[in-house]
Amino acid sequence: MADFGMRKTLDLGFDEALARVPEALKAEGFGVLTEIDVQATLKKKLGADFRRYRILGACNPPFAHRALQHSLEVGMLMPCNVIVYEADDRKTVVSAVDPMQTMAAQGDEAIRPIADEVRRKLQRVIDSL
1 MADFGMRKTL DLGFDEALAR VPEALKAEGF GVLTEIDVQA TLKKKLGADF RRYRILGACN
61 PPFAHRALQH SLEVGMLMPC NVIVYEADDR KTVVSAVDPM QTMAAQGDEA IRPIADEVRR
121 KLQRVIDSL
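Heads up, the sequence shown is in my numbering, so the first residue is 1 and it goes up one at a time.
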């Protein structure tokens with residue numbers, strides 16, 4: 001499996017884990033801008049059954065502002081996605097994108113310090129769960 005981010009498996013049910021993530025994000029200055037219910041979307045659009053799976057679009061406004069001031073194109077890599085899904089063993093997995101693999105990987109050295117700071121914040125979110 002490709003390593004795009006930071007991951008933690010929780011001994012919590014999906015609903016409880018999903019409720020904790022926005023609070024953990026808030027503690028690090030993030031808000032949830034979007035929430036995509038992948039399970040419901042796949043059922044509605046394709047008639048396909050899928051596990052409980054949410055994509056949360058998290059944004060830390062000060063960091064987003066700094067990054068966008070440097071490059072308007074960095075907006076394609078925003079918001080920072082955090083996924084919450086029910087694993088096969090009924091545990092819940094929470095993963096956050098690693099900005100060092102997305103923003104910083106673009107080779108722009110000026111954006112690297114911002115990506116590193118955002119990564120540290122997202123890692124603290126994951127660690128706190």
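Be a bit skeptical, because a hint or two may be false.
[What the hints assert, rightly or not] DSS-like mimics (lysine-lysine), calculated; alpha carbons at most 30 angstroms apart, straight line:
id, residue 1, residue 2
1, LYS121, LYS43
2, LYS121, LYS45
3, LYS121, LYS91
4, LYS44, LYS8
5, LYS91, LYS45
6, LYS43, LYS8
7, LYS44, LYS121
[Said to hold, decoys possible] Cβ-Cβ distance ranges computed for the label pairs, FRET-style:
id, residue 1, residue 2, range
8, ASP127, ASP88, 20 to 28 angstroms
9, LEU72, ASP15, 33 to 41 angstroms
10, SER71, LEU46, 30 to 38 angstroms
11, GLU28, GLY75, 16 to 24 angstroms
12, LYS43, ASP108, 26 to 34 angstroms
Hints are computed from structural coordinates only; laboratory data are not their basis. As the structure is a prediction and not an experimental result, all values here were calculated from the model. Don't be surprised by glycine CBs; every beta carbon is placed ideally from N, CA and C.
Hint-by-hint comparison with the structure:
Between LYS121 and LYS43, the direct Cα distance comes to roughly 34 angstroms. Violation of the 30 angstroms bound is thereby established for this hinted pair. The suggested pairing of LYS121 with LYS45 is violated, with an alpha-carbon distance near 35 angstroms, which exceeds 30 angstroms. Note on LYS121 and LYS91: the hinted pairing holds, with a Cα-Cα distance of about 24 angstroms set against a maximum of 30 angstroms. For a cut-off of 30 angstroms, the pair hint linking LYS44 to LYS8 stands: about 29 angstroms separates their Cα positions.
Restraint check: the Cα-Cα separation between LYS91 and LYS45 comes to about 27 angstroms, which is no more than 30 angstroms; the hinted pair holds. For a cut-off of 30 angstroms, the pair hint linking LYS43 to LYS8 stands: about 27 angstroms separates their Cα positions. The hinted pair formed by LYS44 and LYS121 fails the criterion: a straight-line CA distance of about 35 angstroms is larger than 30 angstroms. In this structure the supplied range 20 to 28 angstroms holds for ASP127 paired with ASP88, their Cβ-Cβ distance being about 24 angstroms.
LEU72 and ASP15 have their C-beta atoms about 38 angstroms apart, which keeps the hinted 33 to 41 angstroms range intact. At roughly 36 angstroms, the beta carbons of SER71 and LEU46 sit within the given window of 30 to 38 angstroms. In this structure the hint that GLU28 and GLY75 lie 16 to 24 angstroms apart at CB holds, the actual value being about 21 angstroms. For LYS43 paired with ASP108, a C-beta distance near 40 angstroms fails the hint of 26 to 34 angstroms.
The structure does not agree with the numbered hints 1, 2, 7, 12 stated previously, though it agrees with the rest.
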